[in-house]
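Trainee: Residues per chain, in single letters:
2 protein chains.
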Amino acid sequence: MQEALKYSRYSFLLDRTARRVKQYAKQRFRELGWTITVDQWAVIKQLYDKGELNQRELAELTFKDHPTMTRIIDLLSTKELILRKPHPEDRRSFIIALTNKGEELVKDCLPEVQSIRMKAWENLSESDFKEFKRILDSIYDNLSL
Amino acid sequence: MQEALKYSRYSFLLDRTARRVKQYAKQRFRELGWTITVDQWAVIKQLYDKGELNQRELAELTFKDHPTMTRIIDLLSTKELILRKPHPEDRRSFIIALTNKGEELVKDCLPEVQSIRMKAWENLSESDFKEFKRILDSIYDNLSL
DNA sequence: CAAATATAGTTAGTAAAACAACTATATTTA
DNA sequence: TAAATATAGTTGTTTTACTAACTATATTTG
Chain A
1 MQEALKYSRY SFLLDRTARR VKQYAKQRFR ELGWTITVDQ WAVIKQLYDK
51 GELNQRELAE LTFKDHPTMT RIIDLLSTKE LILRKPHPED RRSFIIALTN
101 KGEELVKDCL PEVQSIRMKA WENLSESDFK EFKRILDSIY DNLSL
Chain B
1 MQEALKYSRY SFLLDRTARR VKQYAKQRFR ELGWTITVDQ WAVIKQLYDK
51 GELNQRELAE LTFKDHPTMT RIIDLLSTKE LILRKPHPED RRSFIIALTN
101 KGEELVKDCL PEVQSIRMKA WENLSESDFK EFKRILDSIY DNLSL
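One line per chain: the protein sequences are A and B, in this order. Under the numbering used here, the first residue of the first sequence is numbered 1, with each subsequent residue one higher. Under the numbering used here, the first residue of the second sequence is numbered 1, with each subsequent residue one higher.
Everything labelled a hint here was simulated from the structure, so no lab data went into it. In this text, all values refer to a predicted model and were calculated from it rather than measured experimentally. The reader is advised that the hints may include incorrect statements.
Which copy? The list can't say, so a pair holds if one copy fits it or any two copies do.
[To be verified] Only pairs whose alpha carbons sit at most 27 Å apart, straight line, appear in this in silico BS3-like list of lysine-lysine: (1) K130 - K79; (2) K133 - K50; (3) K22 - K133; (4) K85 - K130; (5) K130 - K50; (6) K79 - K133; (7) K22 - K85; (8) K85 - K133; (9) K50 - K119; (10) K101 - K133; (11) K119 - K130.
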């Protein structure tokens with residue numbers, strides 16, 4: 001089965017490219033003197049877009065698991081970019097809110113993040129984007145539980 | 001600039017899908033009772049295909065950095081799947097070789113790994129694969145240093 | 001209502017990624 | 001040849017991923 005060998009390569013390409021994208025963003029973040037990581041950015045960006053959320057909601061939106069989210073939240077709290085507020089009706093839960101400092105940071109960084117993201121997409125078209133999304137979603141769904 | 005917002009999504013999709021692919025393979029490895037990780041597999045598969053290599057060559061082939069390779073090699077050595085042999089002409093370097101046990105493991109696992117890899121590709125075509133590869137390579141190159 | 005179950009979040013362990021700083025050895029060049 | 005530079009690999013630190021096991025609180029059900 002020659003096909004198997006060939007399609008086995010997609011996972012390598014996928015992993016390699018995903019790591020490069022993250023590495024590139026991480027490096028630019030560093031160069032710009034930002035003290036947050038790319039994954040931390042994803043969280044505060046969600047809070048900026050959607051407003052206050054609990055940890056479960058943040059985990060679902062960013063496709064991270066709960067322990068990972070706990071730790072990212074811990075780090076963002078230490079940096080005083082977000083705040084854990086007790087949930088008024090559910091004592092198991094926290095409401096996560098951006099601080100003023102966190103909101104300022106998102107506003108300041110947003111244009112630069114967009115240009116970092118655009119960089120990867122140079123020389124690619126609108127229809128490439130659609131194809132790419134379709135194929136990624138298909139892979140994702142094929143492996144869903 | 002509406003485009004920036006939209007293309008910012010590709011990195012999320014990419015990261016999410018790459019993680020799912022790795023997670024799926026990891027879970028299948030577990031279910032099959034295999035004691036190696038997906039990244040460890042990538043290393044012993046290279047050795048199986050290409051024969052003895054040094055750590056630098058393995059790092060380049062798998063697109064991992066040297067510290068990461070050192071640690072994967074350490075783990076595979078502990079499991080006695082590979083062997084670090086001194087390089088006859090360069091005392092800084094090691095030659096990494098599969099043990100018999102390592103070679104047996106690759107032979108035993110290969111068909112199942114291929115079927116794990118094929119699973120992701122269900123409902124996708126030959127030309128999808130070409131498009132996918134082209135776009136991933138383009139992103140990778142756009143972000144190269 | 002009490003017991004069983006589900007949910008929100010945390011902690012612990014292992015693996016991996018990225019970076020910096022390091023040791024040891026080779027190679028280049030002044 | 002001695003000094004400078006390059007290369008192979010290691011170690012330490014931080015962050016993230018995933019799993020399992022855990023605490024505390026809510027909800028369901030018998």
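Trainee: Looking back at the numbered hints, which does the structure fail to meet, lowest number first?
Mentor: Hints 1, 4, 6, 7, 8, 10 contradicted; others consistent.
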